[in-house]
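So the protein sequences, as listed, match chains A and B.
Everything in the first sequence is counted per full-length UniProt numbering, starting at 1 for the first residue and increasing by one.
Everything in the second sequence is counted per full-length UniProt numbering, starting at 1 for the first residue and increasing by one.
Simulated from the structure, these hints should not be mistaken for lab results.
Among the clues, some could well be false.
[Stated by the list, open to error] Non-contacting residues of chain A with respect to chain B, defined by C-beta distances greater than 10 angstroms in every case (computed):
no.: 1; residue: Ser65
no.: 2; residue: Leu85
no.: 3; residue: Gln156
no.: 4; residue: Glu167
no.: 5; residue: Glu202
no.: 6; residue: Ile240
no.: 7; residue: Ala279
no.: 8; residue: Glu280
no.: 9; residue: Leu322
no.: 10; residue: Phe335
no.: 11; residue: Arg342
no.: 12; residue: Arg414
no.: 13; residue: Asp424
no.: 14; residue: Ile428
[As the list claims (entries may be wrong)] Computed spacing ranges between beta-carbons, pair by pair:
no.: 15; chain 1: A; residue 1: Thr146; chain 2: B; residue 2: Thr146; range: 26 to 32 angstroms
no.: 16; chain 1: B; residue 1: Asp173; chain 2: A; residue 2: Arg47; range: 29 to 35 angstroms
no.: 17; chain 1: A; residue 1: Gly330; chain 2: B; residue 2: Arg139; range: 40 to 46 angstroms
no.: 18; chain 1: A; residue 1: Lys4; chain 2: B; residue 2: Arg64; range: 39 to 45 angstroms
Here a beta-carbon is modelled for each residue, glycine too, at the ideal position from N, C-alpha and C.
Number of protein chains: 2
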Amino acid sequence: MSRKQMHLATILSNGLGLPYAWLEPQVDPADYANIHALVRYAKAAERGKLDFIFLGDFLAQSQRSEAHAPGQTLEPTVVATAIALATDRIGIVNTVSTTFEKPYNIARVLKTLDVVSGGRMGWNAITTSAPHAAANFGRAIDDRETRYAQADEVIQIVQALWGSWQEDAWIADKNARRFTDLSKIAPVNLRGTYASSRGPLEIPPSKQGQPVMAHAGASPHSHALAGRYADILISEVFTIDEARHQRESLRRAATAAGRNPDDIKFFAGVIPTIAATPAEALARRGRLVEPDIIQQVHYLGRLIGLPLGPDDLDTPLSAAQLSAARANPGDPRSFRALEVAREGWTVREVLHHAVIDFHPAPIGPPEVVADHMQEWFEAGAADGFWVTPDIYADGMDAFVDGVVPLLQQRGQFRTEYEGETLRDNLGIDHQYGLRQPHSKP
Amino acid sequence: MSRKQMHLATILSNGLGLPYAWLEPQVDPADYANIHALVRYAKAAERGKLDFIFLGDFLAQSQRSEAHAPGQTLEPTVVATAIALATDRIGIVNTVSTTFEKPYNIARVLKTLDVVSGGRMGWNAITTSAPHAAANFGRAIDDRETRYAQADEVIQIVQALWGSWQEDAWIADKNARRFTDLSKIAPVNLRGTYASSRGPLEIPPSKQGQPVMAHAGASPHSHALAGRYADILISEVFTIDEARHQRESLRRAATAAGRNPDDIKFFAGVIPTIAATPAEALARRGRLVEPDIIQQVHYLGRLIGLPLGPDDLDTPLSAAQLSAARANPGDPRSFRALEVAREGWTVREVLHHAVIDFHPAPIGPPEVVADHMQEWFEAGAADGFWVTPDIYADGMDAFVDGVVPLLQQRGQFRTEYEGETLRDNLGIDHQYGLRQPHSKP
Numbered sequence: 001m002s003r004k005q006m007h008l009a010t011i012l013s014n015g016l017g018l019p020y021a022w023l024e025p026q027v028d029p030a031d032y033a034n035i036h037a038l039v040r041y042a043k044a045a046e047r048g049k050l051d052f053i054f055l056g057d058f059l060a061q062s063q064r065s066e067a068h069a070p071g072q073t074l075e076p077t078v079v080a081t082a083i084a085l086a087t088d089r090i091g092i093v094n095t096v097s098t099t100f101e102k103p104y105n106i107a108r109v110l111k112t113l114d115v116v117s118g119g120r121m122g123w124n125a126i127t128t129s130a131p132h133a134a135a136n137f138g139r140a141i142d143d144r145e146t147r148y149a150q151a152d153e154v155i156q157i158v159q160a161l162w163g164s165w166q167e168d169a170w171i172a173d174k175n176a177r178r179f180t181d182l183s184k185i186a187p188v189n190l191r192g193t194y195a196s197s198r199g200p201l202e203i204p205p206s207k208q209g210q211p212v213m214a215h216a217g218a219s220p221h222s223h224a225l226a227g228r229y230a231d232i233l234i235s236e237v238f239t240i241d242e243a244r245h246q247r248e249s250l251r252r253a254a255t256a257a258g259r260n261p262d263d264i265k266f267f268a269g270v271i272p273t274i275a276a277t278p279a280e281a282l283a284r285r286g287r288l289v290e291p292d293i294i295q296q297v298h299y300l301g302r303l304i305g306l307p308l309g310p311d312d313l314d315t316p317l318s319a320a321q322l323s324a325a326r327a328n329p330g331d332p333r334s335f336r337a338l339e340v341a342r343e344g345w346t347v348r349e350v351l352h353h354a355v356i357d358f359h360p361a362p363i364g365p366p367e368v369v370a371d372h373m374q375e376w377f378e379a380g381a382a383d384g385f386w387v388t389p390d391i392y393a394d395g396m397d398a399f400v401d402g403v404v405p406l407l408q409q410r411g412q413f414r415t416e417y418e419g420e421t422l423r424d425n426l427g428i429d430h431q432y433g434l435r436q437p438h439s440k441p
Numbered sequence: 001m002s003r004k005q006m007h008l009a010t011i012l013s014n015g016l017g018l019p020y021a022w023l024e025p026q027v028d029p030a031d032y033a034n035i036h037a038l039v040r041y042a043k044a045a046e047r048g049k050l051d052f053i054f055l056g057d058f059l060a061q062s063q064r065s066e067a068h069a070p071g072q073t074l075e076p077t078v079v080a081t082a083i084a085l086a087t088d089r090i091g092i093v094n095t096v097s098t099t100f101e102k103p104y105n106i107a108r109v110l111k112t113l114d115v116v117s118g119g120r121m122g123w124n125a126i127t128t129s130a131p132h133a134a135a136n137f138g139r140a141i142d143d144r145e146t147r148y149a150q151a152d153e154v155i156q157i158v159q160a161l162w163g164s165w166q167e168d169a170w171i172a173d174k175n176a177r178r179f180t181d182l183s184k185i186a187p188v189n190l191r192g193t194y195a196s197s198r199g200p201l202e203i204p205p206s207k208q209g210q211p212v213m214a215h216a217g218a219s220p221h222s223h224a225l226a227g228r229y230a231d232i233l234i235s236e237v238f239t240i241d242e243a244r245h246q247r248e249s250l251r252r253a254a255t256a257a258g259r260n261p262d263d264i265k266f267f268a269g270v271i272p273t274i275a276a277t278p279a280e281a282l283a284r285r286g287r288l289v290e291p292d293i294i295q296q297v298h299y300l301g302r303l304i305g306l307p308l309g310p311d312d313l314d315t316p317l318s319a320a321q322l323s324a325a326r327a328n329p330g331d332p333r334s335f336r337a338l339e340v341a342r343e344g345w346t347v348r349e350v351l352h353h354a355v356i357d358f359h360p361a362p363i364g365p366p367e368v369v370a371d372h373m374q375e376w377f378e379a380g381a382a383d384g385f386w387v388t389p390d391i392y393a394d395g396m397d398a399f400v401d402g403v404v405p406l407l408q409q410r411g412q413f414r415t416e417y418e419g420e421t422l423r424d425n426l427g428i429d430h431q432y433g434l435r436q437p438h439s440k441p
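Using the sequences and the accompanying hints, generate a full structural model.
Here it is as C-alpha cells:
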C-alpha cells in the first residue's frame, strides 16, 4: 500500500480575499464581479493538483460594513460551470442549502454539472439558519431538529433522483430506434414530511456516476448527517487536539451509520499568509487585520482573560499580565493567542498573527505553511486541508507555487492526479443513486 | 429613420433536433448530453448575428417514446453560462418557471448571468401547468388564475431585487475605504399572496442594467402578463392572419398597461428544412415525419374533415375528396394542410411537408425560408422569428449560412450587431428595478 497523502482543497469566495484584501494595491476591486478572475484562481489550483475548488454560498446580504466587500457576488452554479469548462481534472464542490432549495432543482443542477465537468462535482449539503436568508424566501427559520430532518430527506431524494436514470438506460441504438430503455428511467415517488419529488430526472450518469457528497459543520447534528451521507467533511478547528476530537466524532458517526470511517475525508481549514520572509508575511497579514485592530484588542482581552484596550497595543504583555492570563476553553483560538503573546510580540503584533480569524493562520515563508500542514496531517488531525488564500490576487499563486511543491517533495501530496474524476482523486467508492443502508458494515 | 428590420432568435433544446433527428446519419446521439455541441450551435447563431439563443425548460420527464430523445438534458443555467463565456454579442434568454422557482433564486441566477455575459441575458418568465412538474416539487397544480397572479408577484419581486443594488452603489474607493455605499443597497421587503422576499441582492448592474423580459404564450392571461412586463413575446402561430391577430392582441395589452406597444417584440416560430433542391429538402423533412406517419394520416383526416387512413398514403386526394375537405378552424394548421393537398402531392408527401408540427415549416432551398420570413414580416405578422433547426448537426449552419445572408442582402436583417447588449440589439429601453407603472403613457 502506498504511503497515505493529504488532500487539498481551496475556496473561491468573492475573488478578493479576507474582508480588507480589496484595499491592497495588487487587488482590482472589479474582480468582485469578474468570473474570469475566479477561473484564473481555479486554474492555478489545478496547476497545484488540488483535489477540489469549494464554492460556498450564502442566501442573504453578507456585507456588514462599507469597508468590506460582500462575501460573494456570483451565483455558484454559474461559477462552477465556468470553472468546469476551463479545467480538466480539479473537482468542484458547490454548496446548496437543503433548507431553501428543492431536491428536484438540486439534483438537476448538480448532475448537469457533474456531466458537464466529466465527473468532477461534489455537493456540500448544508442547512441554513440565517433569518435574513429565510426572509429572502418569505419564510421563518425552523428549529435545528427540523432543519436536519429536512436535510436528511432532501439528500435522500436528491440521490434517488440521481439514480432514477439507471446507469445502463441510455442505448442510443439507431437501428433499433431506441434512444433509451424507458423501463430503466423510473419515478422515485418519494414523499417525506419536509420534501417530496416524483422524478425521474432525464440525465444520464456522469463519468463518476453522480456527485460526491460534502458537508460543513461541527455540531452533533452535522456529524450525524455527515456520518450517514458525506464523503467529505469541512471543519473549523483551531488546534490539533480539537481537530482530532472532531475527526474521531465524525468517524464514530460514520461507523454508527454502518459505513467505513475511512470513507469520509476530514478537512481542516487554514488561511495562510505567504511571503519571502517572516517579517514580510507578518506585515502583509497585519495590514488585513489593522482596520479592525480596536475591536480585536478588546476581543483578545476576553480570549485570554485580561482587560486589554487600545493603549496596550504597542507593548508586549508584561510578565504580570502573562501570568494572570488564562486561555478561554470556550474558544480554542485563545490557546494560540496566548502562545503567540508569550513569544514577546507587542499586542498589535499578536493580533497581526491573525489569532482571531476563521481558521488557523500559518504566516511566513512557504516552509511555515507546509510545516503546519504536515504537523497536523501526521498527528491524525486531518485527512486534508481547506485553504483560503488571504489575498487571491497573489495568495493563490503563492500557495500553489510555494507550498505545494514543498509538500510534494516531502511526499505529503500528489505530484499528479490519480484519475479523471473527483471520486478517483479522493479515493471514494462508486455510488449511484441512494446508498443502500448498512451496505458496508 | 432607418428601415425596420426583423429580429431573429433560435432555440437550443436537446442539441439533436426534432424528435427523430437523432436517427439521422449525421447526428451523434451523444450530443444529447454534450454541452460543447450546444456551444457550437450558439457560436453559429452568433456568426449569423442572431439576436438571441432561447433556452426552454421543462421541469419533468419529457421523453414519451423510446424512439424519441428527451426534449432537454442539461439544466439551462449551466448551458447559458457555457454559451455566455463562448460568445461575445448574441443574447441568451433562459426560461425559468414562476410557478416552481423562488424569486430570490430567479433574480440571483439571472442577474449573475447578465453580469457574466456582459449584459446579454433575458428571462422567459412562464407559468407551469404540467402535473408531473408539480409532482417533482411535491405539489399540485393551481388553477390558471392563481398561476398568473403568482407570476405577476414573482416578476415584480425579481425586478425589485434586481434594482435593490442601486446603479451607483458600487464605489470601490480604496482611499475612502468604501467598497459600496450601503445606503444604496436596500431590502425590498415585498410580501405578496404567493411570493415574498426581503432582499437585497448583492449583485451590481450588468452592462445592460438587468435582464430583458420575455414571455411565451397566446392566452389572454399570457398577453395581459406580457403586456405589463415583457420585452419579447414568443408565439405559436401558423398563418399570417393568426399572427397579426395575436400581435394586435398583445399590442393592445401593452397599451392597456400604459406602455408603448412598439416596446414588445412579437416573435413567430418557424421550423425550416433547408437543402439544395426542393426535392432533397422534402425528403429530409419526410424522414423526420415518417416514423409517425400512421398517427399523422389519421390526424390529417381530422384536420381537413376526411376519413383518411394508411391506405390513402400513396395517392393524392381525389377531386371528390378535395371538394369535400374542410379546414378545421379550431386548428390553423388545417389551412396549410389543405393548401398543400391541393397542390397534388400524395397524402404521404403532404405529411412530409410537416403540416402537422409545432410551427410553420418552410421546406426547400434557402430562398424558400427567406421568402416565408420576408412575407410574414412585411405583412406585419411578426417583429421577429424564433427558428428551430430541424436537425441541429447541419440545420443550424444551413440557416445561418444559407438563409441569413439572403435576408441581409434583402435588407431585412442586420449585417452587424447594433451594440454589445441584448437591449442594444433588440432596441429595448433601459430598465433597472421594477418599471414604474404608466411611466410611458
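Cross-check of the supplied hints:
1. Ser65: violated (8 angstroms)
2. Leu85: Non-interface label on Leu85 of chain A violated, nearest chain B Cβ at 6 angstroms vs cutoff 10 angstroms.
3. Gln156: For Gln156 of chain A, whose nearest Cβ neighbour in chain B is about 13 angstroms away, the distance exceeds 10 angstroms, so it holds.
4. Glu167: Non-interface label stands for Glu167 of chain A: nearest chain B Cβ at 14 angstroms, farther than 10 angstroms.
5. Glu202: violated (4 angstroms)
6. Ile240: holds (36 angstroms)
7. Ala279: Label holds. Min Cβ-Cβ 24 angstroms, cutoff 10 angstroms.
8. Glu280: holds (21 angstroms)
9. Leu322: holds (34 angstroms)
10. Phe335: holds (32 angstroms)
11. Arg342: The claim stands: Arg342 of chain A keeps its Cβ more than 10 angstroms from every Cβ of chain B (closest is about 33 angstroms).
12. Arg414: holds (28 angstroms)
13. Asp424: holds (20 angstroms)
14. Ile428: holds (23 angstroms)
15. A:Thr146 to B:Thr146: 26 to 32 angstroms: holds (28 angstroms)
16. B:Asp173 to A:Arg47: 29 to 35 angstroms: Once the Cβ atoms are compared, 34 angstroms apart, the range 29 to 35 angstroms for Arg47 of chain A and Asp173 of chain B holds.
17. A:Gly330 to B:Arg139: 40 to 46 angstroms: At 45 angstroms between Cβs, range holds.
18. A:Lys4 to B:Arg64: 39 to 45 angstroms: Violated - the Cβ-Cβ distance for Lys4 of chain A and Arg64 of chain B, about 51 angstroms, lies outside 39 to 45 angstroms.
Going through the hint list in order, the structure does not satisfy hints 1, 2, 5 and 18.
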